[in-house]
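The chain contents come next:
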Amino acid sequence: MELTTQMGAQNLKIPAPAQCMAFRLGGQAYAVDILAVQEIRRFTTPTSLPDVPSYLSGVINLRGAVVPVLDLRARFNLEAAIDRLTVIIVVAVHGKNVGLVVDEVTSVIKVASDAVRAAPTLAHQADGSFIIGLIPHADQLVTLLDVSRLVSSELGTA
Amino acid sequence: MEENPDDQELINDVFRAAHSLKGAAGAIGFQSLAELTHALETLLDCWRSGELQPTRAHVDALLKACDAIRQLLDNGTEHAGASQLAPELCVLRAELEKLAVGANTIDTAAAVAAKVTASSSTHGYCVKFAPKSEAFQWGADPLLVLRELNSISSRYLVVLTETIPDLDQIDTATCYMTWQIELELLTDADRNTLDEAFMFVQDVAEVSIEPLATPDAAPEPVADESTAAIAGEGKGTRSGGEAATIRVATEKIDKLVDLVGELVIAHSAVRELSKNPTPERLASLQEAVLQTERHLRELQERVMSVRMVPMGTVFSRLTRVVREASGRLGKQVQLELDGNDTELDKGLAERLGDPLLHLVRNAVDHGLESPEERAAAGKPSTGRLRVVARPRGGSVVVEVSDDGRGLNREKILKKAVERGLVASDAVLTDEQIYSLISSAGFSTAETVTDLSGRGVGLDVVKRNIAEMGGDLNIRSEPGHGSTFTIRLPLTLTIMEGLLLKAGNTVCVVPLVDVAFSLRLRPEQQRSLAGLGQILDLPGESLPILELVDLLSLPPRSGGGELAVVLQTGSHRYALRVDALLGQTQVVVKSLETHFRRLPGILGATILGDGRVALILDGAGLAAVAGLDVNERLQAPTLLTHAEAGTWN
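Chains as they are written, first to last, in the numbering used here: chain A, 1 to 158; chain B, 1001 to 1648.
These are computed hints drawn from the structure, not numbers from a lab.
Beta carbons: idealized from backbone N, C-alpha and C, even for Gly.
Certain hints may be false.
Unchecked claim - According to the in silico footprint, chain B covers these stretches of chain A (three or more CB under 8 angstroms from chain B):
#1 49–62
#2 66–72
#3 96–103
Just chain A, with the same shape it has in the complex:
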């Protein structure tokens, strides 16, 4: 039932950002609206926080500000190795900064306004609510994430 409603929705145009920053999470391609991205930093081990979900890696020092870091690999149950390509993408959501740990930043994608397809969401996939849609790019589908929803629901911030 959930599937049919989603398929019906596929014809609707999904509002898409003009440019996205694409990155890799455990072999899969993801992207976020480039306007939300503040900066990209080399990975530094965050200071862990007590009593928070495991994918909340902790806090880092961003030029004197204490900023939480969300490990997207751990969030999506992907393998979370740390190598020299691992970076933290700092995004700004509702005036707050949050770091996202990703395996590698791959490219900046230009998105045509009608290019985003609805993701086939299944009811049991809770993660689906963070996905705006899919962008076909270089022979693969890039999952476009809704940063603001992801961050506000995971960090419990407004």
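Following the hints, complete the assembly by docking chain B onto the known chain A.
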């Protein structure tokens, strides 16, 4: 109110405003005003408890009362106010008290004007707007102007209709109307905005703008201020006023300037020496760095001190209030103020004033008994009221304690059930019960006095304190008195801390929380079933908390051998750590800026190497670990070894 007779929040707000106006009037000896507002309060209380529904007549009476209050304020001096208004006051009081249905009709315009003036400060204006009769031909539309006014002010409009001829004589192209407008500008508008609104019609209309007469009596600002604070209204003006300016002694600023100068010199020395570092110059370089550090530290302290005011400024108001209140009630009260020098952020100090006043008044009115009662209870006839302010754990703790009758647990519970605040079969702890008295619409006083006693005080106190980010804690011992503890958050951004290490994680505890640190010997530690680890010290046994567990760090084999004994308020416990890295000054960064508050964590700081270290909150950690304040382990007597043995 007429529209929404069921709007409890609105009624509560008005009620609180009246209540605090009464309080403020009492505090400055404004007898007639206090009497009037007391009557007003009585009426409002009936609404609040649902005994009566607000009706037109009530609202009329209310407005009339506002009018009278304004006149009182205008007259300023008590003598004039009392003698001139006494008869009218009595009528009003009688009216309010009888809840007269047939109150004299008040000229609506006058009542409205009274309301405007009563609530206005310098933002009120009286505008006369008289478009010329040919205004329409010039293309002017008075309606546009009025709409414009609507957007920048709340206004009360009176149309002067004398100039309008009979219907059959009206010429549609002629403007006959004249408006008299009394308006109150919204906070972000000023006189210029008002002038601008009339700019386009000034050629075709006569416009006169005059500020409304503002009461020049001293009581006005006092009353206004506390009304805003207690009723939680007028937030804009209040926070705006707090943020706007701070008065600093020129001397303090001069010192700052001097210090910056010295810092610049010290820095240039460092710079010079580090340009060409040779081993010989190392010693002088170190010396220069030390010099810089000293200056920095001093600068830091002085800059912080600019925002800090001693608690004495807040305390000074209390003496008078206690004197008057105890005199009126025929009680003997000795007020002890301790911690005059404790410094508090200016903004917080200002906002603390009203809640503290409430607590003190409550203590005199309800807490302390009359001399006879005290004598009967075998206590000295003079009651003791202590107000203490202390910096504690990066917070400031203000305690108001009396040696009076204490809170009556059963009475509170009974009343709470009556008022439907709790279910009649609910099982509550003492703490929960005591906290009931700070819920809205609760009072335990048997008689309603004009001093306090309708239970408006505490809920507002609690809310105001919560708005400052602090909390209110109530303790009481029947027959021995009650203690109200206000804990205000840390506003200092720099503090002394002790660096701790657990596993690979470094964190900081505020030095003020630390009692002492010690090396744990095996014979001092015991494991008690259900109580966890206990540290036996001469004279006391303390629970041992594992920092590793509290920080959710991966467990490791073998505990650390060092412990820090933390003392925060009434909590006292040992925190087991792996290493103590020494004392340091840390800059407190809020976790909330980009994240949210975490229990047991005060904030974070950035260490010399750029890493983030968490700052622990001693009291918060105890709460996280589930240590109950009241069930502190006193001595081994609590659980004998035999009993412990049966459990093992």
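Index of numbered hints that the structure contradicts, given in increasing order: none
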